[in-house]
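Sequences are here, hints too, so could you generate the full structure?
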Amino acid sequence: MKFSHQWLQSYVSIAEEPARVGARLTAAGLPMDGIETRDGDAVYDFDILTNRPDCMNHLGVAREYAAMTEAPLRPPSVSIPAGGRATREVASVAVEAPDLCARYAARCILGVRVGRSPDWLRRRLESIGQRAINSVVDATNFVLWELGHPLHPFDMDRLVGGRIIVRRARPGERLTTLDGVERTLTADMLVIADGTKAVALAGVMGGAASEIGASTTNVLLESAWFEPVPVRRAARALGLHTDASHRFERGADPEGVLTALDRAAQIIMEIAGGSVTTPALDVFPRPLPKRVIALRPARARALLGLNLDDGAMRGALEALGFAVAPGRDGVWSVGVPSFRRDVEREADLIEEVARHRGYDAIPERLPVLPVEGGERGALDATIRAARRVLQSAGLSEAINYAMVEREDCVLFAPGVTAPVALTNPLQANAAFLRTSLLPGLLRNLAHNLNHGLASVHLFEIGTVFLPGSPLPEETPRLAFVQAGRGVPMHWSLPRRDADLFDAKGVAELLGDLLGVSPLAFTSDRIAFLEEARALSVTSEGQVLGVVGEIRRSLLERFGIDRAVFGGEIELLELDRRQGTVRRYRPLPRYPPVRRDLAIVTGPGTTFQAIEGTIRKHSTLPIAEVQAFDLYRGPGVPQGCASLAVQIVFQHPERTLLAQEVQESIEAITGALRRELRVKLRGAEAE
Amino acid sequence: MQSRVHEIRREFDRDLAGARDPEALERVRARYLGRRAGLLTGLLRDLREVPSAGRAAFGKAVNDLKAHVEEALEAAQARLVPGSAREAPIDLTLPGRVQRPGASHPITQVSALIEEIFLEMGYTLESGPQVETDFYNFEALNIPAHHPARDMQDTFYVEGGLLLRTHTSPVQIRTMQKRRPPVRMVALGRVFRRDSDITHSPVFHQVEGLVVAEGITFAHLKGTLAHFCRKVFGKGITIRLRPSYFPFVEPGAEYDISCIFCGGSGCSRCKGTGYIEMGGAGMVHPAVFEKVGYDPELFTGFAFGLGIERIAMLKHGIDDIRLFFENDLRFLSQFPG
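As given, the protein sequences belong to chains A and B, one line each in that order. Just so it is clear: in the first sequence, position 256 is 605 by my numbering, and no numbers are missing. Just so it is clear: in the second sequence, position 211 is 383 by my numbering, and no numbers are missing.
What the hints contain is simulated information worked out from the structure, not anything from laboratory work. The hints are all genuine.
Among chain A residues calculated to face chain B with C-beta under 10 Å, some are:
no.: 1; residue: Arg-582
no.: 2; residue: Ile-748
no.: 3; residue: Glu-823
From the three backbone atoms N, C-alpha and C, an ideal C-beta is built for every residue, glycine too.
Here it is as structure tokens:
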């Protein structure tokens, strides 16, 4: 909101530089956003907060400045010459909806000549970016920016019978507002009507039919106090936001009604001629009580943590316009000025005291509270651990918006048909809350590939939203995607592309490092994963998530033209199944013996079956069975592969003999040939 | 022919044993492996004349010998020539081999820093849903329906009369509802505003802090914020509180830190004011205590909030908030850790 330095000086002496004025008012709670010089005047831009409608005008800001500098305030002098025609002879006011309009005052100015405003008035308005229109309208705008009270001038000859009726709109009643738009009103809106029709939308905007124009000769000037909430409702319902509605919905000063009316009438008479009717009509059906609040100075000191004596506190309040009456038992009665409708209770008065002293006066202290360790939730620890695991696997963390397209919700969360919807999305393609983290990650992946990255490994830890009641079910998950070159990338390693086993490895590492045991992978059919490239991740029958290759037909949606691998895991399940404290196992005291087998496997023979057979038929305890090479090509029949496996024998109580190891190997190879029908390329010692 | 191989091997072993300096070693190398006159080179040439029946056996013997010679020369080289490695010289300028960890998101990193600071001070970490009711997001925070303060927060509404929380403040209410004072909590999380440009994102992250106990003062708020800001931005930081308005606190404040770019003398980053805005704060409004059943006469408290992206932007010099949500690896990899 713009304020002119010169204009402010009409009401208070300012000796300080504009920059200093801005800093002082910022410290008082009117934050300055900027300052510019225009025609030798400094124009401030203050961000006047919602609770301070009293400062949305020059006198209000000057009042604040005067309070802070203890300079006297000089409000404009207002006087209306006596002896004019009686207002009630030419106009009447009836308030039929006193619950919405607590006060309505009017005067008429008869015989005006509407024209161009004098330069001083135009300069004032233009200095703060307002457009001069005509003398009558400019006068009311000037008063709006001077005193803060919104006024409305009607062309009185357009009001049937010179009547003002403040009533609720009739359902479907129409009114063309000053902006030329015909509006259909509802019964909860307040209108100003004449004898026959609505002529203004109360507190929001006047009607076009009674607009002041060059031909206007008689003016009826309105100054009223409208109830804030209905003004706000009406303005929002019609998509209007005006200087008047902005002030009325924040609370105008009911005591300022007559002053503003007279001030504007006086200026109109000065610049447009005519004579002012007198006395003003002042219908005040619902007096707004003066507020008196109890304040305990001791409480103020205690809340602020500031040692401030009673005298200083009283001085601060009085400087700000409050009437302080000290009472018994250290309780003061503080009268609130009518323009400060935001001050409602003791805490508000305490803020006023602090504001006047300046928040800089408050000391810095740390609270002393019983010693208690800070606490993290269990899930939080799991999330932190999972994040470390994913990072260590070479994946970087993404954070995506939660708003996605409907398709994203449905395709990646089979079973969800009605995802949680926003009623006022910013964009049509972001109107639903995500049911999976994968679509966001796939979009990030496409972005990175399109920018020329050769290797994209990303994960996200976040919430998905599943339909639920009363609130949607917010489920924490982790998901990851991998495409392009596999990691690590190094000159000493062969180049390779990421594949399914990168994704599986990530899930395995999560299980291992978080102590989820046993973790099992089962081939499964998953709607968004490729056939025969999809695994369910389970632990003791409970599904934790999935890993696999993203279905290629889905990737088109994201503009991705290469294979993508990834997975999604439920964090709550991961957390629930997380291992507790790890138990120590004594170290083996005898050396292991390693033997390699090269097994020619046909289609359908799995490593899992081979490992099972080896463990089952070994005559010696086995510590580990490890696949270390898979070869296809010359020397291996078409459709088959040679799988190299290392068996680590380890006996807890003795050193193994070569002979017994050989016997075990023979038992194993015999079983492999017999049960799995595989060929062996000979057992070798390492 | 085989005997010739054995003979050369014996000769070589003897010659090598006699070589006591790098020059002598070079002479031995030339005598056996020299390209024209080397004895081994000669043997390989002879291979062509061996009848095919014995060629395989002879070839194997020669190759074995060659391997022996090369290995022995290598070992002698390492012994006799200072600085020479066992193998051929390697290019030490090639990069090393390790699995580089991925980066955590800068928002995560800043969040972790903030969490640590408050955990050290005995705060608990709390959380709440992102889809909220009007009661928790507004009503209980002293922002009734049709309050103009709702204009400050453009809200996304969710079907069924719900909304996406516009701030982390609902977590204050949820925490106070389930716990008696003293309360010391922070809540970090996602919030949503219907707004999007270079400095506004429809999704961003906030920290909410709340302390409620007997005898909590505005000075405690100021001290806590000062401590926090110094932990994040350095010991030399000063903080400033200014009166401001949030319906759920009274007195209300915004807090600024002395400009981290110019130290407070005024620069373009702080628009010449010497200060940078951090967030909002204040003493918990008694109406809020009434909503959660705390006695405002017995307990007082303070609350504060700030944007995590804002801290990350200040710390790392990031000028566009949208970068946080593009997840471009060229951006993320600038913040390893």
